[in-house]
Amino acid sequence: MTDSAKYISHLELGERDETFLDSNELIINMGPQHPATHGVLRVILKLDGEKVLGTECVIGYLHRGVEKIAEHRTYTMFNPYVDRMDYVAAVSNGLGYCEAVEKLLNVEAPPRANYIRVILAELNRLASHMLWLGTHALDIGAMTPLFYTFRDREEILKIFEKYCGARLTTHAFRIGGCQYETYEGFERDVEKFLAFVPPKIDEYEELLTGNRIWLERTRGVGVISGKDCVALGVTGPVLRASGVKWDIRKAKPYAAYSDFDFEIPTGQNGDTYDRYLVRMREMRQSLRIIEQAVGKIPEGPIMARIPKVLKPPVGEIYHSIEAPKGELGYFVVSDGSTQPYRVRVRPPSFVNLQALDMMVRGALVADVVAVIGTLDIVLGEVDR
Amino acid sequence: MVTRLKQQYGTGIREASTYLGQAYMVVDFSVIPELLQVLRDQEEFDYCVDVTALHYPQREKQFDVIWILYSFAKNERIRVKTMIADGEALPSSTPVWPTANWLEREVYDMFGIRFDGHPDLKRILLPEGWKGHPLRKDYGITQQDQEWVQINLGIESGQ
Chain A
1 MTDSAKYISH LELGERDETF LDSNELIINM GPQHPATHGV LRVILKLDGE KVLGTECVIG
61 YLHRGVEKIA EHRTYTMFNP YVDRMDYVAA VSNGLGYCEA VEKLLNVEAP PRANYIRVIL
121 AELNRLASHM LWLGTHALDI GAMTPLFYTF RDREEILKIF EKYCGARLTT HAFRIGGCQY
181 ETYEGFERDV EKFLAFVPPK IDEYEELLTG NRIWLERTRG VGVISGKDCV ALGVTGPVLR
241 ASGVKWDIRK AKPYAAYSDF DFEIPTGQNG DTYDRYLVRM REMRQSLRII EQAVGKIPEG
301 PIMARIPKVL KPPVGEIYHS IEAPKGELGY FVVSDGSTQP YRVRVRPPSF VNLQALDMMV
361 RGALVADVVA VIGTLDIVLG EVDR
Chain V
1001 MVTRLKQQYG TGIREASTYL GQAYMVVDFS VIPELLQVLR DQEEFDYCVD VTALHYPQRE
1061 KQFDVIWILY SFAKNERIRV KTMIADGEAL PSSTPVWPTA NWLEREVYDM FGIRFDGHPD
1121 LKRILLPEGW KGHPLRKDYG ITQQDQEWVQ INLGIESGQ
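Quick mapping for you: the protein sequence lines, in order, are chains A and V.
So the first sequence is numbered by our numbering: it starts at 1 and just counts up by one.
So the second sequence is numbered by our numbering: it starts at 1001 and just counts up by one.
SDA-like mimics (lysine to any residue), calculated; alpha carbons at most 25 Å apart, straight line: (1) 1122(V) to 54(A); (2) 311(A) to 1138(V); (3) 1081(V) to 67(A); (4) 1074(V) to 243(A); (5) 1137(V) to 335(A); (6) 6(A) to 1117(V); (7) 252(A) to 1044(V); (8) 1122(V) to 32(A); (9) 51(A) to 1120(V); (10) 1137(V) to 1148(V); (11) 1006(V) to 1024(V); (12) 1122(V) to 40(A); (13) 68(A) to 1058(V); (14) 1137(V) to 72(A); (15) 250(A) to 1024(V); (16) 252(A) to 1002(V); (17) 227(A) to 1042(V); (18) 1122(V) to 42(A); (19) 200(A) to 291(A); (20) 6(A) to 1123(V); (21) 6(A) to 1041(V).
Between beta-carbon pairs, the in silico distance windows are: (22) 307(A) to 1138(V): 28 to 34 Å; (23) 1007(V) to 362(A): 43 to 49 Å; (24) 206(A) to 1015(V): 56 to 62 Å; (25) 1155(V) to 362(A): 38 to 44 Å.
The set of hints was computed from the structure by calculation and includes no laboratory data.
Idealized CB from N, CA, C, for every residue including glycine.
Isolated chain A, as found in the complex:
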């Protein structure tokens, strides 16, 4: 087996007939329309009975050419488009893009804007993890958590709606800071949420953490080592659950993250259960960050002094943030005009999905569903 085949198998789909009579190999399609693929993802499975011999992902069904669109819009006009990539964590997408362009312009958002950004981005992380938990548990067969998490996620979306008028594709930030001042009672709403949500997380954990069915379905499923994660470029909670303590909020702090005290939860086994635990603990850490931030939002302007027409100097920049799914990077190239010469998005879901094949090889068909869920992919971001 060559080295690359260790990580990603390449199915030779044409050769099946020769071995048809003396083997039990079966090639089936999962998706693109399948409730457990979280969107339009097609996975070709090569099976020996219930056992998975190899997989191949077919993606691109949601490809909208976001990177091409960027080249035909001004820097400001492109901003709302990034929300449509990872549509369950739109705030993070916008944060990464705005900060990348700010770096290129060599301006910094004022401290007040940075605090608002951190609060909203962490709320969004919670919302994203809640949605992940609900759908992941539903895939595995536990229906109740879905209703609980959607109920509680609603509270976050209400705050977004009150802040900027939108619930999902928020377009909350602008290049140079924030468009909107916090509304009357923003702090109170966030504090109310901070008191409201920890018992709810306890409730989710009560349902799942010690649940025997949950343990059977997740423990030892989709194991990936830290070394393989690094080789495959996997980031985010998946990497941390394999024991690599790395988070961009700590490694290369952005916005106001260096002001706050929080931990990076890690796991040891790199299985689906550890990834579940890591995300649960991350939710509590997000609450900690919001708690520290909301009490001391500095006074001052929310917008840096930037020109009406943005013309960054010729050059290129790579900036990445810790999105709920992993490292979300923007590589922006300017030719000195009002439109970017190129915007490359480094999507965490796309890169993480590459690990699916390695994680499910040798496992059972039912585990494929669990592993797709645990990778926490959003197809809008995979396909862009």
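Add chain V to chain A, keeping to what the hints say.
Showing chain V alone in chain A's frame:
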């Protein structure tokens, strides 16, 4: 690190500098497979963040191919950039970083740059059989493969 690499590769490394605090290197494409291997093995850039490309149609060597690398040990990022002409192929970096597999496929899909030794170089986001590479500058924003659309979707135009 740069001086060490410069000693080893001489003029192969054309430029090594920083812009807005970010380190980058412009290198000759002949040193590419070796240099990337050295960066991973000796300089500990064990995480390949991204592989991407840029198109400058008016240049003789039309494409910039860029690797963004990260080192966990040093907490450092570096961009390695090389230039190639249309039709030239680069050696694949999949043996160095398995993650380059899909990233290179995307570069091939969007720019038509070939990577020699890639285990399965085919389109990834666009359908197999599509003509044209959309992120090239000479590809219009509303342009599409009319023939493909008519045959496979049964409609006159996707626009």
